[in-house]
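Kindly generate the complete structure, drawing on both the sequences and the hints.
Now for the letters of each chain:
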Amino acid sequence: MRLKILDSGYSFGTKVLFALIHAVSRQPVPDAAKLVFYRPDFYGAPMKEITQEAMRGPSAWSVGDRELMAAFVSQTNECAFCIGAHTATAARAYHDEAKVYAALADLETAPIEEPLRATLRMLGKLTAEQAVTTDDIRAVLAAGVSREQIEDALAVSFAFNTTDRLADAFGFFVPGPKAFEAGAKFLLRRGYR
Amino acid sequence: MLPEDKKRTAHRTLVTRILEGDGRASRAQRRAAFENAGLAEPLRTLIDKVARQPRRVTDGDIAAVLASGESEDQLFELVVCAAIGQATRQYETALEALAQAMTGQKKE
Chain A
61 MRLKILDSGY SFGTKVLFAL IHAVSRQPVP DAAKLVFYRP DFYGAPMKEI
111 TQEAMRGPSA WSVGDRELMA AFVSQTNECA FCIGAHTATA ARAYHDEAKV
161 YAALADLETA PIEEPLRATL RMLGKLTAEQ AVTTDDIRAV LAAGVSREQI
211 EDALAVSFAF NTTDRLADAF GFFVPGPKAF EAGAKFLLRR GYR
Chain B
274 MLPEDKKRTA HRTLVTRILE GDGRASRAQR RAAFENAGLA EPLRTLIDKV
324 ARQPRRVTDG DIAAVLASGE SEDQLFELVV CAAIGQATRQ YETALEALAQ
374 AMTGQKKE
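Protein chains in written order, with the working numbering: chain A, 61 to 253; chain B, 274 to 381.
It is worth saying that the hints were derived from the structure and are not from the lab. Note that the coordinates shown come from a computational prediction; the quantities given were computed from them, not determined experimentally. Just so you know, even glycine gets a beta-carbon here, dropped at the ideal spot from N, CA and C. Hints are not guaranteed to be accurate.
Listed next, the stretches of chain A that the computed footprint assigns to chain B, with coverage defined by at least 3 CB atoms under 8 Å from CB atoms of chain B [to be verified]:
1. 62-69
2. 113-121
3. 127-140
4. 188-197
Which chain B residues face chain A? A few, computed with CB under 7 Å, are given here [as the list claims (entries may be wrong)]:
5. Lys-279
6. Lys-280
7. His-284
8. Arg-290
9. Val-330
10. Ile-335
11. Ala-356
12. Ala-360
13. Tyr-364
14. Ala-370
15. Leu-371
16. Ala-374
In structure tokens form, the structure reads like this:
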């Protein structure tokens, strides 16, 4: 991490918690977790609220679909940490790694349903170009996606367009596959709270 | 009218907290970082990269801001504001396009 406070500026209680996480997962505490524990009153606590609601709250999208959206947005931002974390989580949620890799490799030919494909296409444009038009949204509606599903997908996009930026600005350490696997298990068991 | 989406409420709470709550950076500076506008160098370069090309942030961009007298805590807050600001502009633009698309559908 590029800021010393994000590596060591934690209360005694938080340091104990980190040691516990390390002992149970046998992996170092991921930088994404450290960030939300740093002065949580400023950023971590309110950010966890929206992320939890977007990723695990009520939605017609499955948890796997939302994790794939997170991976797809992160891929568009070329954010190595978040691509690794959410590719692993989506694959585990779907019990289908091939589907996730296919969607990230070539959205247009991947074996996914049309509503999800149209939604990912729109999120990719929003992330790359910072905006979408009414016609872009109409195309998603025409693919059979409801208004609520679009709102849900946009909240996922908000959360990861924020997190991707912070991961790259603060210089999150990008661990190996075992750590991402442990992180995926944690995120599917406990969510983002 | 649908009841407001809980996520939008949580989003508004987050934005209000980082911009109007207590912080180590001034409210004016946090607002400027959120809007990516009106900042002086070297903060301007760092904040603009966070908003528009985060992958290009370097150790040097961070070091330059710290050397100019900002503390790590101030920098932490301003980078958070910049990231949330850009993601908020995307989110609000898309929600506005969605609202317009829904109005258009009703007329047809």
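Results for each hint:
no.	hint	in the structure
1	62-69	holds (count 6)
2	113-121	holds (count 3)
3	127-140	holds (count 3)
4	188-197	holds (count 7)
5	Lys-279	holds, 5 Å
6	Lys-280	holds, 4 Å
7	His-284	holds, 6 Å
8	Arg-290	holds, 5 Å
9	Val-330	holds, 5 Å
10	Ile-335	holds, 5 Å
11	Ala-356	holds, 4 Å
12	Ala-360	holds, 4 Å
13	Tyr-364	holds, 4 Å
14	Ala-370	holds, 5 Å
15	Leu-371	holds, 5 Å
16	Ala-374	holds, 4 Å
No hint from the list above goes unmet by this structure.
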